[in-house]
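Trainee: Chains as they are written, first to last, in my numbering: chain A, 5 to 349; chain B, 5 to 349; chain C, 5 to 349; chain D, 5 to 349.
Any given hint might turn out to be false.
Treat identical chains as interchangeable: a pair holds within one or across any two.
Said to hold, decoys possible - With a cut-off of at most 35 Å between alpha-carbon atoms, the simulated DSBU-like pairs for lysine-lysine come out as follows: (1) K63 x K146; (2) K190 x K63; (3) K63 x K94; (4) K32 x K6; (5) K190 x K146; (6) K32 x K63; (7) K190 x K32; (8) K32 x K146.
Treat the hints as calculated values from the structure; they're not laboratory data.
4 protein chains.
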Amino acid sequence: MKNAAILGASGYTGAEAVRLILGHPSLKLVALTGHSRAGQAYGEVYPNFAHLNLPRLSKIDEVDWSGVDVVFACLPHGASQEAIASIADKVETIIDLSADFRLSDADLYEATYGRPHGFRDMLAGRVYGLTEFAREELPGAKLVACPGCYPTASLLALLPGIQAGMFSDAPIIVDAKSGVTGAGRKTSAGLIYSELTDGAHAYGIAGHRHLPEIEQGLAQIGGQDVMVSFTPHLLPMNRGMIATCYTELNEDSTVDDLRDVYMARYENDPFVHIEAENVVPQTRHIRASNHARMGIFADRVPGRAIIINVIDNLTKGSSGQAIQNYNLTQGWDETLGLMAAPIFP
Amino acid sequence: MKNAAILGASGYTGAEAVRLILGHPSLKLVALTGHSRAGQAYGEVYPNFAHLNLPRLSKIDEVDWSGVDVVFACLPHGASQEAIASIADKVETIIDLSADFRLSDADLYEATYGRPHGFRDMLAGRVYGLTEFAREELPGAKLVACPGCYPTASLLALLPGIQAGMFSDAPIIVDAKSGVTGAGRKTSAGLIYSELTDGAHAYGIAGHRHLPEIEQGLAQIGGQDVMVSFTPHLLPMNRGMIATCYTELNEDSTVDDLRDVYMARYENDPFVHIEAENVVPQTRHIRASNHARMGIFADRVPGRAIIINVIDNLTKGSSGQAIQNYNLTQGWDETLGLMAAPIFP
Amino acid sequence: MKNAAILGASGYTGAEAVRLILGHPSLKLVALTGHSRAGQAYGEVYPNFAHLNLPRLSKIDEVDWSGVDVVFACLPHGASQEAIASIADKVETIIDLSADFRLSDADLYEATYGRPHGFRDMLAGRVYGLTEFAREELPGAKLVACPGCYPTASLLALLPGIQAGMFSDAPIIVDAKSGVTGAGRKTSAGLIYSELTDGAHAYGIAGHRHLPEIEQGLAQIGGQDVMVSFTPHLLPMNRGMIATCYTELNEDSTVDDLRDVYMARYENDPFVHIEAENVVPQTRHIRASNHARMGIFADRVPGRAIIINVIDNLTKGSSGQAIQNYNLTQGWDETLGLMAAPIFP
Amino acid sequence: MKNAAILGASGYTGAEAVRLILGHPSLKLVALTGHSRAGQAYGEVYPNFAHLNLPRLSKIDEVDWSGVDVVFACLPHGASQEAIASIADKVETIIDLSADFRLSDADLYEATYGRPHGFRDMLAGRVYGLTEFAREELPGAKLVACPGCYPTASLLALLPGIQAGMFSDAPIIVDAKSGVTGAGRKTSAGLIYSELTDGAHAYGIAGHRHLPEIEQGLAQIGGQDVMVSFTPHLLPMNRGMIATCYTELNEDSTVDDLRDVYMARYENDPFVHIEAENVVPQTRHIRASNHARMGIFADRVPGRAIIINVIDNLTKGSSGQAIQNYNLTQGWDETLGLMAAPIFP
């Protein structure tokens, strides 16, 4: 049994971490922080937990770290690295869900997030926790950087093909779609209900912050420098993310080969599922779960393949993968606390 | 460990029962029936379960009952009683989620559902499983009739006040609102997406089939013959139900008294929660859970109280309560398999 | 041809007024004000108008009033009365969509809205513009106070019965439901998409600000002091409002009589429609239009009737009725600019 | 003034045609057909029109064609060509909204729609009504085939660049997204509310029937044989369509050039609008209107451009364009009946 603290529990990824930890057999919640709402009962901030006896929200410096084994940091980028640095020697493990330790290149971090990285040493030692591709580094890891939701969806869809050298070096196009919870619990004009319901739109075209992370993953994990064209869209739904990936195969590869590679690569992965031929995955079928469902299709343009991957942005795209990662740092079964079935309808 | 079969697993209440049983530590799914889709893999019918190794859908007469301890019958009314009668002596316990055994008066059943009741003997012996008010009858029960979703929401909201004699004999008005899953997985013209999204409407005015059941509950459990005016509305959401109950207090009762009565009545109930004063419950905060959240308010009309109860129609309003009931038939903790936190956002 | 200015054009009722005036054959938009966004092109604030050549948003004191005949004031209460007072002698007609001139009793205004009314003289001369009940006062009116959305829905549903003396003096219960646009374009935490979609809840129980206005309407227009129990609910949809009204008939009245009274009362009204027997009105069928659709039903409780009225909160509940009122002040056909059919699906 | 009949008025494109014709100054509805619902009042089938005095639904052979000038055929493919052939010599103009006359190659029609084309002579004489590219052929046209919704969205986005020879001959990737009304008013299991809300998915991958039509348009109108990779997605919203088009520019073209070409090409088009730089169009801002809004963006992959076009699938994607086409057949202003502003929020 390990004791967990959640930093930034007032946001959606924090709340999702709370939800999952409540169902985890070997984790106990001992602290929840939320700067602007410190002092409030957590059930006031998230009434879905009001029936439970959970710790009140506190400030970070009010936490008694002696009783904490693992920290799940659900803070905004920038704030996260500072908080983590301040407690790094007080806890055994830190799982960071922010962007702060995702990019291994601190200069790229600065260029992408508009602020210098203050903790390059820690950055050097972190594990990038795209779980299915980090199983060797995770056991015993001290600091795990969990991938962004779009990189998770995209990299799971692309890496097996990249690693097997099946794609040409033509740019890969990722047309992504996300539910609104991906934007967090921000009170911003563009996020109010009447501005978002019953409509859709692209955003962050050619400049989304998750792009460098996707390319880093393809290069560092996959071993191929590929340019990615990435366009996210915001859909009128709560949870769910689709990465529709348009790829060009090498001349000696076929879509059947590609499918075989993916089937083999994910055969033993409890959370990644390759659909039967001609079955298209739907976000609603993995709602509130840590599963990814992936369809692999021959494009009608000869030599091209379309890979469609769906995840829940808050779960596999964030807090679920965080727990999956933590499980592996401890040498536990990675499915602990994550086996509840998706909620449908 | 008990073995469970689900009759009518192709409908939404069947699928919700599957989901909950998968998380139940003492139940194992051994059979799933679905007449029109018999032979299909369950994961084709509900892709949210496609990653699991579940029994295929079969016809009822194909089930090997020798390995079944409990049946959850999720069939339409009419079909349910016949199926149940045909297997009654083959299994230990039957939990019926249909309307067939809810009304203790077979003539009222016929008047309400338009067909004679064929199994009056079984009806006489059934337990009406509004769990919080059936704890004495449930242990050892052979056949449990689970209440309808509207009766569950309404009776939980009204019975403590009725039992305590706090309401006058003026008619009680229940204005109810339901998400669309309450209509089931029916392919009917009125249920298609574009006919239901971004709009709302009442239906079944003065004649909804759940009405006699609500009045039966008030009389049989509460001991008071009260007339109920019941008007359901269909809302553009998946899950969730609100019963907004307008009541008149007796002259010697106050809303503070009423609140005290409810607090005391549900104090030890793990799934029924009385909100703090001035807090209004929201359906989204109990989504996909077995919880009920209830607010008790003084109306501005002197002497009147408003009780607002929210549940998830598929869970506490159907399959969750069914499991809760089964737990009690076995003498188990009633929360087994039902403690996953609500999904929000 | 009259020239119109809209005050507060950055809000939803302002934008709806713009939309309707654009389709009005005798109105021309000459000024749009929006304090915090003054200077911006209107198409940036509302991209649905970006293809049109509309006036930029300005501050109120930048408007050249010499070219303005009519002002539609779509400001928050408090701000509205001050703005109106400042321009009252510069324009021919003022149509106020705020709450500031709705309540004829300035003390009740203060009690309800928490601030003194600063312009009691103007209040005394205003016309309360529930159009179907104000046709005699509207022609030539200088200042028209448009009813709130809930009062519009409720009063249209109740007044014919009240005026005909068909209800007992028992309290009337109005259970109301509204789409989210009723809350305006406010950037508040409770209004963001993920907090509101796929769920519903009541609010403002026993204390909503529209309550005194409803009772004022019943008394001043209907001639009967009736207490009203009013409970609004917020639904996950953009537009649309339902008032479900639970009434008790006088002993010598029947629901058939009631229906006859309503049919006769609204026979010549172009925007109020009594449904055929057993037809339940739906909000989606009057979407984006000035129509009200009303169903009248016998409750199963003898002597009680249920009246269900649906409107679009932004149109008949706000800017549509405002234009209808202005049409009548000018002696025009009241349907001018309002005859576009509802948008469905 | 011309008299219009609508064939297939019980479907959504039929209802949208009714809505638009009701606001058209030179069109009068004289007949509405709907085979399976013949005899019913139109207001029963579409209650949003219940306040109007419209013709009842009839069978096609019950229509008195002597009073009909123009037919809008909103029938399913297959049924449409037969109905049109049967009345072709009885009316002046036929605007077909089905797929039956879209493909100029009857063999391709057969391969795509699985049935032989029975009326090759008529096919030879029809005008393909992508309005902005058909202005020369439309005046006086007898039979106009209106493009599908996806081809409309895609071709408007691609044709100016194609015609100007700005794209390489690399395949163009169109990732499209549609609201649910695009599926029509079909009672099919996959379209019920609870199966579609709060989730998204791709469909028809590599094989959607609109693909040959898109390529036909690029070749016949644009003059370039380009292969298109087209993947549609279904989104949880009523109306709205996005075509996100990924293109490769010729070596001597830049995105600035491309933008200039589009600005010039659509400068005088009342319904096609190129967004200012960095503005991303949203479907909700053209809701219920005939407008297209288009953004042109440099991809981060050098030499590539992303063109994003949004339309309302029922209006510009179907019935609105049909009316626009009819206006031009008559030599009228093409905006007649189509100038109502988009509905937002």
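Trainee: None of the hints should be skipped; say for each whether it holds.
Mentor: Cross-check of the supplied hints:
no. : hint        : in the structure
1   : K63 x K146  : within (23 Å within a copy, 53 Å between copies)
2   : K190 x K63  : both (19 Å within a copy, 29 Å between copies)
3   : K63 x K94   : within (16 Å within a copy, 55 Å between copies)
4   : K32 x K6    : both (6 Å within a copy, 29 Å between copies)
5   : K190 x K146 : within (30 Å within a copy, 43 Å between copies)
6   : K32 x K63   : within (19 Å within a copy, 44 Å between copies)
7   : K190 x K32  : within (28 Å within a copy, 38 Å between copies)
8   : K32 x K146  : within (19 Å within a copy, 38 Å between copies)
Every hint from the earlier list agrees with this structure, and none is contradicted.
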